[in-house]
Amino acid sequence: MIYYLLLPVFSLFLLTIQINVFDIFFLGKIAPEISLILVVYAGFFLGIARGGTLSVVLGFFMDCMTGVVPGLFVISYLLIFLISNIVSFRVYAGGMIFTTVFTVVCVLFEKLLIIMMYKALYGMGVLYEILNDSLLQAVVTGILAPAFFALFRRLEDLLSVWESRSSRQL
Amino acid sequence: MASPKKSHTVIAALILVAVSLVSFSLYFKTPERTGFFKKIILEAAVPLGSAVNSALGSIGTTWKRYVLLVGLEEKNRELERVVASLTREVNDLRETSLECVRLRKLMDMKNDVWFPAVAARVVGKNRLSVFQTVLINKGTVDGIEAGFPVMAAQGVAGRIIEVSWNVSKVLLLVDYNSNIDALIQRNRCQGVLQGASSSGCELKYVQRSEDVQVGDVVISSGLDRVFPRGLLLGTVAAVEKKNAALFQKIRVAPALDIAKLEEVLVIMKRRGEGP
Numbered sequence: 000m001i002y003y004l005l006l007p008v009f010s011l012f013l014l015t016i017q018i019n020v021f022d023i024f025f026l027g028k029i030a031p032e033i034s035l036i037l038v039v040y041a042g043f044f045l046g047i048a049r050g051g052t053l054s055v056v057l058g059f060f061m062d063c064m065t066g067v068v069p070g071l072f073v074i075s076y077l078l079i080f081l082i083s084n085i086v087s088f089r090v091y092a093g094g095m096i097f098t099t100v101f102t103v104v105c106v107l108f109e110k111l112l113i114i115m116m117y118k119a120l121y122g123m124g125v126l127y128e129i130l131n132d133s134l135l136q137a138v139v140t141g142i143l144a145p146a147f148f149a150l151f152r153r154l155e156d157l158l159s160v161w162e163s164r165s166s167r168q169l
Numbered sequence: 000m001a002s003p004k005k006s007h008t009v010i011a012a013l014i015l016v017a018v019s020l021v022s023f024s025l026y027f028k029t030p031e032r033t034g035f036f037k038k039i040i041l042e043a044a045v046p047l048g049s050a051v052n053s054a055l056g057s058i059g060t061t062w063k064r065y066v067l068l069v070g071l072e073e074k075n076r077e078l079e080r081v082v083a084s085l086t087r088e089v090n091d092l093r094e095t096s097l098e099c100v101r102l103r104k105l106m107d108m109k110n111d112v113w114f115p116a117v118a119a120r121v122v123g124k125n126r127l128s129v130f131q132t133v134l135i136n137k138g139t140v141d142g143i144e145a146g147f148p149v150m151a152a153q154g155v156a157g158r159i160i161e162v163s164w165n166v167s168k169v170l171l172l173v174d175y176n177s178n179i180d181a182l183i184q185r186n187r188c189q190g191v192l193q194g195a196s197s198s199g200c201e202l203k204y205v206q207r208s209e210d211v212q213v214g215d216v217v218i219s220s221g222l223d224r225v226f227p228r229g230l231l232l233g234t235v236a237a238v239e240k241k242n243a244a245l246f247q248k249i250r251v252a253p254a255l256d257i258a259k260l261e262e263v264l265v266i267m268k269r270r271g272e273g274p
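Quick mapping for you: the protein sequence lines, in order, are chains A and B.
Numbering that gives the first Met the number 0 puts the first residue of the first sequence at 0, with every later residue one more than the last.
Numbering that gives the first Met the number 0 puts the first residue of the second sequence at 0, with every later residue one more than the last.
Calculated directly from the structure, the hints in this document are not laboratory data.
Small disclaimer: the values here were computed from a predicted structure and weren't measured.
By construction, the Cβ of each residue, glycine as well, lies at the ideal position given by its N, Cα and C atoms.
Taking lysine-lysine and the BS3-like style, the derived pairs with C-alpha atoms no more than 25 Å apart in a straight line are:
id : chain 1 : residue 1 : chain 2 : residue 2
1  : B       : 248       : B       : 203
2  : B       : 241       : A       : 118
3  : B       : 203       : B       : 241
4  : A       : 118       : B       : 203
5  : B       : 259       : B       : 74
6  : B       : 248       : A       : 118
To spell it out: a stretch of chain A is covered by chain B in this simulated footprint if at least three of its residues, at any positions, have a beta carbon under 8 Å from a beta carbon of chain B; those stretches are:
id : stretch
7  : 10–20
8  : 59–67
9  : 73–86
Same shape as in the complex, but just chain B (with noise of 0.2 Å):
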């Protein structure tokens, strides 16, 4: 016969198993709602976690400096290199443009629908390498819902997956779990754009007789109605055609640069509004 002891220790297990299956089982139940717990969670974090960032940002900032500043001369010259292609590149696009808005106005083009939309800190961000997620320093408060897109200056970041009153959650576009409907821009041709975690994103279900190349800029298509069309996603890494496969492997360099996610911008625009 099992000591009461043993017999106490076997029944707190089973507890505690029964309690995690159950917290397992309620995401599944209500996806999209943020618990009332969760949120006081999310709202201490937020508060503490910027108390430490400041404690120790100076601390931060000359250990990144410090490290940085290794290979500096050489980044610096390729970076003038780039500069100079740039601005090459800048004046054909102003050319580009000024020809395009003659040629909106020319055939009446109706105006893209523009959404409000919030300006948010980056107050959290999470390195553990499966799940991309950052927190950002708005929420409900401000309007924002589950759902939203959230923009960098680079391009996407990401969606809002889980909303507090003054915290949310922002799903980064290279988490596994997020998906975007996306286009080659060169070409228009179509994609679902998968995050891959550390190699940045794949771009799925391109045939193989479609011409994609190194280099490519890709953009989001609009036609999961989540993202607006034409927002910058990344460009294309590397493309490999395996003989048997039906589709190509696109790897995407995210245009997003997470190590200097400091501020996003929230799109107010709800899963089917707009284009």
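So that you can see chain A by itself, here it is in the shape it has in the complex (with noise of 0.2 Å):
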């Protein structure tokens, strides 16, 4: 219950840092996802109930703050929730490599479903825009997930023991 209770407010804070903190950092060249890291990680480590619902809370939140489409996050996390979720199953989903490949793929599919929906929206093909700008930041997203995933996982332990002592409690 903790959890549910907590993923808002998480959600918020992880964006507002995401926004504020790395524009500062990287002089707006370049925007690292740490958001699309934490849903990969879900769908790697967390059940379909916690992490569908923190990959869909992420995703409206993202709409809110920064997307011109609603709904669009929502369903481009989604999706990547359950296709980590679907490749967990089969692949040892631990290792760095794996985890920093994997996450570049699902930034560029992420990137591939706006180009997407721009050419059946509004009949727009802005795939070489698009992909150009996102290699880099892919890759730069990539290289750090290892590093969030290992803080994630700290975190999971965190939520994991203060719910244990809560349900003591009661």
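Since each chain sits alone in its own frame, please combine them into the complex, following the hints.
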């Protein structure tokens, strides 16, 4: 229960950090999508209910704070979560190289969804432009992914300790 | 037969997919309206963002200064050359402006309609390469509505797309979704300025026969009835004429510097009002 109560606060905090802090340190040139790393992590290590809710909440918050077409981030994050979840049943998802490569693929997949949406809704062909902009971002996000996986694992451990303590008190 | 745990998983996944599809379809039903939950999130994001920014402000400034010091001397020399050139230009323009005032009086031209405006501070910048939006600290409480044009010191910044009580989201003119009816100032040649994200903007639907040169100033035409006429949009950065193409490919460098966008002016002009 604590998990679901903390989820909106944590999502809001994470996205605020993502938008503001990286803007300062990368001078607006690159914007690593930490929220997407978290979605991939959720797909690998959290269950459908917890991870799925996390993906929907993060996607919704992203739509609210940065999106232009509402609902797009919700759909793309949920799809990436489901794909990661399916992949985690078949492959050992803890390896550093696998995490990096898979995250890069997920970032590019997300951009591909956006390109398809632009084509479908507005008839705009922006494949080259978006992929050109996204390639470096995908690589940087992928490189950062293992470090953030470790951080998220630590947070998950802390949360489970807190949950078990509070359930014992009850 | 599927185990109960497996069927629960499938049901949960289906519910989540349904939720996301409903959220997506809602946009097409009421694209102009900002929902209640969305308003709450926008309201909560701004104080949190401001707190993070103020906490990291000094670190950020030091970091930016360090990065900017690289190549500062060369930039300084270049700026001195630019200042000298601009001083001459300002003098010429002052003369032209005085002449224009005299002519205007002479012709008894009606003055342009000016709209009330609200100054706002940028409180959240989104640098994800696809969607180019910023959050500002003014909303419906200050009279802002979706569709209002937004100006920066350098020129047009974009337009309001979502409004909460104290926060609004601005679609910048470099976003792919941004389309502004524009003119080349020199020869009044008309086109549509579309955002192209990190590449700046592209002036579309300008015929091959039109004379467009690098450095030409691009302004708003006012024909889209969103942006008032004559606002600075940018300058032509590159022109490409392909043999078989009907239109030219014109890349425009926006006047707006998003990296330095800190304050904006929201013009209280509804679509269709004024010139």
